[in-house]
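Colleague: Listed here are the chains, written in short residue letters.
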Amino acid sequence: MAFEYAPAPESRAVVDIAPSYGLFIDGEFTEATGGKVFKTISPSTEEVLSEVAQGSAEDVDRAVKAARKAFEKWSALPGAERAKYLFRIARIIQERSRELAVLETLDNGKPIKETRDADLPLVAAHFFYYAGWADKLDHAGYGANPRPLGVAGQVIPWNFPLLMLAWKIAPALATGNTVVLKPAETTPLSALFFADICRQAGLPKGVVNIVTGDGTTGAALVAHEGVDKVAFTGSTAVGKAIARTVAGTDKKLTLELGGKGANIVFDDAPIDQAVEGIVQGIFFNQGQVCCAGSRLLVQESIHDELLDSLKRRLSTLRLGDPLDKNTDIGAINSAEQLARITELADSGEAEGAERWAPACELPENGFWFRPTLFTGVTQAHRIAREEIFGPVLSVLTFRTPGEAVAKANNSQYGLSAGIWTEKGSRMLAVAGKLRAGVIWANTFNKFDPTSPFGGFKESGFGREGGRHGLEAYLDV
Amino acid sequence: MSERLTVFKTYKLFVGGKFPRSESGRVYEVTDSKGNWLANAPLSSRKDARDAVVAARKAVGGWSGATAYNRGQVLYRVAEMLEGRRDQFVAEVAEAEGLSKAKAAAQVDAAIDRWVWYAGWTDKISQITGATNPVAGPFFNVSSTEPTGVVAVLAPQESSFLGLVSVIAPAIATGNTVVVVASEKAPLPALSLGEVLATSDVPGGVVNVLSGRAAEIAPSLAAHQDVNAIDLAGADAELAKELEIAAADNLKRVLRPQPVDWAAQPGTDRMTAFLETRTVWHPTGSLGAGGSSY
Amino acid sequence: MPTTVPAHGNDAAGRLKELADATASDSALRRFLHGLPGVDAVGLEARAASLGTRSIKTSAKAYAIDLAISMIDLTTLEGADTPGKVRALAAKAVNPDPTDRTTPRTAAVCVYPDMVATAKAVLAGTDVKVASVATAFPAGRAALPVKLADTRDAIEAGADEIDMVIDRGAFLAGRYMDVLEEIRAVKAECGDKARLKVIFETGELSTYDNIRRASWIGMLAGADFIKTSTGKVAVNATPANTLLMLEAVRDFRALTGVQVGVKPAGGIRTTKDAIKFLVLVNETVGEEWLDNTWFRFGASSLLNDLLMQRQKLSTGRYSGPDYVTVD
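Chains as they are written, first to last, in this note's numbering: chain W, 1 to 476; chain H, 1001 to 1294; chain Z, 2001 to 2327.
In short, the hints are calculated from the structure, not lab data.
As the structure is a computational prediction, the values presented were derived from the model and not from experiment.
Possibly wrong hints are sitting among the right ones.
Unchecked claim - Here are the computed distance ranges between Cβ atoms for each label pair:
| no. | chain 1 | residue 1 | chain 2 | residue 2 | range |
| --- | --- | --- | --- | --- | --- |
| 1 | H | 1070 | W | 235 | 37 to 43 Å |
| 2 | H | 1134 | Z | 2079 | 44 to 50 Å |
| 3 | W | 6 | H | 1225 | 31 to 37 Å |
| 4 | W | 79 | Z | 2172 | 52 to 58 Å |
| 5 | W | 432 | Z | 2062 | 43 to 49 Å |
| 6 | Z | 2172 | W | 132 | 18 to 24 Å |
| 7 | Z | 2034 | H | 1142 | 28 to 34 Å |
| 8 | Z | 2322 | W | 79 | 55 to 61 Å |
| 9 | Z | 2291 | W | 432 | 49 to 55 Å |
| 10 | H | 1103 | W | 140 | 36 to 42 Å |
| 11 | Z | 2034 | W | 94 | 45 to 51 Å |
| 12 | W | 79 | H | 1047 | 52 to 58 Å |
| 13 | H | 1134 | W | 6 | 36 to 42 Å |
| 14 | H | 1142 | Z | 2013 | 15 to 21 Å |
C-beta atoms are modelled at their ideal positions from N, C-alpha and C, and glycine is treated no differently.
Based on the provided sequences and hints, a complete structural model is requested.
Modeller: This is the structure in structure tokens:
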């Protein structure tokens, strides 16, 4: 008899989703002008979770005006008072973290294990960290009494909905800005629950405004004349469009965009931990991570051995109900994203790479993709160059450290990279040559509010997190 | 006895450590503020800009890989060389900007002092911009800054020398290489600066100086996929917007034009504008698996 | 991958000969051990912790509890051990829960050599084995002939399994060959009469790299089981060091085809802990190690907690210490 884990589902009862949500503007939920709505579904079941308002340009205008009005008082508050609001928010998030984790898992499709152990703790930590900065900005290295910018227009993606909200809102509020945030079309719910947290924290109205909608809503927000600061996390294509939109204005811009991270494994790597790091690098959040280690660069001399270990390890991944506490691989966020992953993976096969995936059953409903790896990939393959944003690993080989660095850097992107070696000098030499904003040596996909995050090249500019993250929201 | 006829200088571009003419064979007339002819300056083409980018890219590895101390010494050497040719630059600036000798001298002195100031920054800026970050886990986490790479610089139009130095020096102090488009109407101090750089231990390609029409050269620099950043100091609002839009194609770092008093003491922002922060994580672990208390 | 043979079978010795190069000399052995992949402590511990978050409920929990009970080497290793104490413990091994005869037996009882005969008398006719610590347990500070005599005594008294300690002093001094040869000598003494468990005292080896090297020394020398610790030092079995040893037996089998068992010992006191270890086994080496031929718990108080949890599952109410036996 085998050791089969019985289902261990997290209870849905901890979260109460309303049948419909309006826009959160000036401290109140209001209907969208024109009354348009759209449905948000659970990607693991395709069940409709709620109906959400489609914010129009007029709604964006209302929200920006509310934020502008709130800015005067908010920015004039003593930093210590702003800090206390943020501390309150951090604490309320901790209190409600199980509810928010379940909600996020429902709306996004990612495993509860991740929302519970990664997203939510990081969300609370981010608010807690930036809360402490609010009354210490004089010491941040940007001169005495650095001033906020004004109204921040923030557009976030669907892969870490609440965490990306935290990365945007916490530093913005700490520095004295007010915010209009547009969550992703497919994952609006946690931002709307965050609005309720703002209410519980007693945050002055208009300081945080949440306008749900699709790409047109986001475009209206970044183009709005009353916005002083634009922060965007998402695709490189949209990032470029935003950069063109704000060209010639005084709007300060930061962009966190795509990536095609190289995870470099040398022959002297701690192999068992490297295998874990590779798995964590590309299968965390179904690979829907901008800093995913989607290109495995393995030293040719250990290629076969490493691939054997990796395949064995992939065979133990548990795919299925995201609410099950033992699920490692959840659902892909949307049909659209699934189609993109499928198309790119198919191109890998068509271009001659060898495809492998462990045997595992996919649920009937919802959007699913097996954890997949491709061997025999070269720099010329699409799957080595384009961001797949899914659980697909491209395996390439190298012979020397120089070749590893050259291949790793041979990309339009420059967000993340991994280095696996037990030799300290080699790690430092390689890290010093990689054109990437975040480098994980003998680890991968670690995040912390104190640690700056952001890219080189077409992965965007500006940093989120740490002291560096303040700069994006200060007039410096 | 007749007055001695002076020897004119042929002003040339400075690209990859060499002094080529424009590949287009074109020149344009440079006059002083009263309209008197001063020289014919090369009228750079887009191809000249492309060649300059190639030279700048080639120089990135060596310059950014040099020790910060070494870069500081090289930049200081530039100041030494300028000091020796002070009178020449005073004369050029006076003619270019229509200033009195005394005012031009103040500009040149300030420019020389600015080189010294930035020379001293090379091995300090990363201590200001970096950090060790106290992450909540068993990891050593350090952020340090790296040069962005190749920076296209549109030098200020009015301040032909002090302004020029004020945009070149910060970009290269941190390890970037630059392609600078000199002030359109007053390019001569910039072209002469090339001669100083060539004799100051600055590796070829670290600074490349083009003269000509910003509106003609800059768009190709802004759109160039192998240029990492652009400083729009010398662009007017309309050109700046056009260039910023073009720069989005490969998400160049863009420093927008802003009113600057070049004579005032600068901050660090012209250096930090062209730096990338890289954060490296590494596990720390403990002394032993046994929970040793040694 | 070579076909699998058990370390205690007749074919194992032949397989180990294929690795004779590695053990041909002191320097060859050193090169081999230092050529093993390094261990990143943070990554190893993170992986062990992450497997510790598996949620084992209902039918899986019932299965795991019975499996864990059947894997226990029910242990008493005290200066104060008496025949009465050992008889009581042996009786408990055969019949852990007097109120529920469906409860599995433990794998073995584990005692000092002088108590082997006493235990054997109670266990005769059952499938519960008698394991005996030997080789000057727990410090192992005695001459080889003394250690071999200790082993012989235990086997002659009826021990089915010998739990030896390695010479940590020799290991830490870098005399790997001495460690290996001593294990070989004890293995020879065991012959086909007793399975040999080799205890590393991981808490004294201190680093994970050392634990990996010691694991390979033990396996190369012919160990049937590799075992974390004596239970007599501050740090005994942990999820991380057990995971590391599971990786070692996995890799050893992949290379040689020889299957070696793993025994974490000391510090595993609760059902929750035990299930975490079973998850480690399940997801690292799989079901081929999920029985008491290949995995054991060296424990004493663990059994009662498993029994109380077992009663909770069958009755639906929480049990208490008065409803399990104190032995």
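Colleague: With 55 to 61 Å as the target window, see if residue 2322 of chain Z and residue 79 of chain W comply at their CB atoms.
Modeller: holds (59 Å)
Colleague: So does residue 2034 of chain Z sit 45 to 51 Å from residue 94 of chain W, Cβ to Cβ?
Modeller: With a Cβ separation near 46 Å, residue 2034 of chain Z and residue 94 of chain W satisfy 45 to 51 Å, so the hint holds.
Colleague: Can the suggested window of 15 to 21 Å be confirmed for the beta-carbon pair residue 1142 of chain H and residue 2013 of chain Z?
Modeller: At 52 Å between Cβs, range violated.
Colleague: Please check whether residue 2291 of chain Z and residue 432 of chain W have a Cβ separation lying inside 49 to 55 Å.
Modeller: holds (51 Å)
Colleague: Could you see if the CB distance from residue 2172 of chain Z to residue 132 of chain W stays within 18 to 24 Å?
Modeller: Taking Cβ atoms as reference, residue 2172 of chain Z and residue 132 of chain W lie about 45 Å apart, which means the hint is violated.
Colleague: At the C-beta level, are residue 1134 of chain H and residue 6 of chain W separated by a distance inside 36 to 42 Å?
Modeller: Given range 36 to 42 Å: holds, Cβ gap about 41 Å.
Colleague: Between the beta carbons of residue 2034 of chain Z and residue 1142 of chain H, is the distance compatible with 28 to 34 Å?
Modeller: Between residue 2034 of chain Z and residue 1142 of chain H, where Cβ atoms are some 30 Å apart, the hint holds.
Colleague: Between residue 1070 of chain H and residue 235 of chain W, does the beta-carbon spacing fit 37 to 43 Å?
Modeller: holds (41 Å)
Colleague: Measuring from beta carbon to beta carbon, are residue 432 of chain W and residue 2062 of chain Z in 43 to 49 Å?
Modeller: Since residue 432 of chain W and residue 2062 of chain Z have Cβ atoms about 55 Å apart, the given range 43 to 49 Å is violated.
Colleague: The hint says 36 to 42 Å between residue 1103 of chain H and residue 140 of chain W; measuring C-beta to C-beta, is that right?
Modeller: The hinted range 36 to 42 Å holds for residue 1103 of chain H and residue 140 of chain W, with Cβ atoms some 39 Å apart.
Colleague: Does the Cβ pair residue 79 of chain W, residue 1047 of chain H satisfy 52 to 58 Å?
Modeller: This hint holds: roughly 54 Å between Cβ atoms.
Colleague: Range first: 31 to 37 Å. Now tell me if the beta carbons of residue 6 of chain W and residue 1225 of chain H are that far apart.
Modeller: Violated: the Cβ-Cβ distance is about 55 Å, outside 31 to 37 Å.
In summary, the structure is inconsistent with hints 3, 5, 6 and 14 from the numbered list given earlier, while agreeing with the others.
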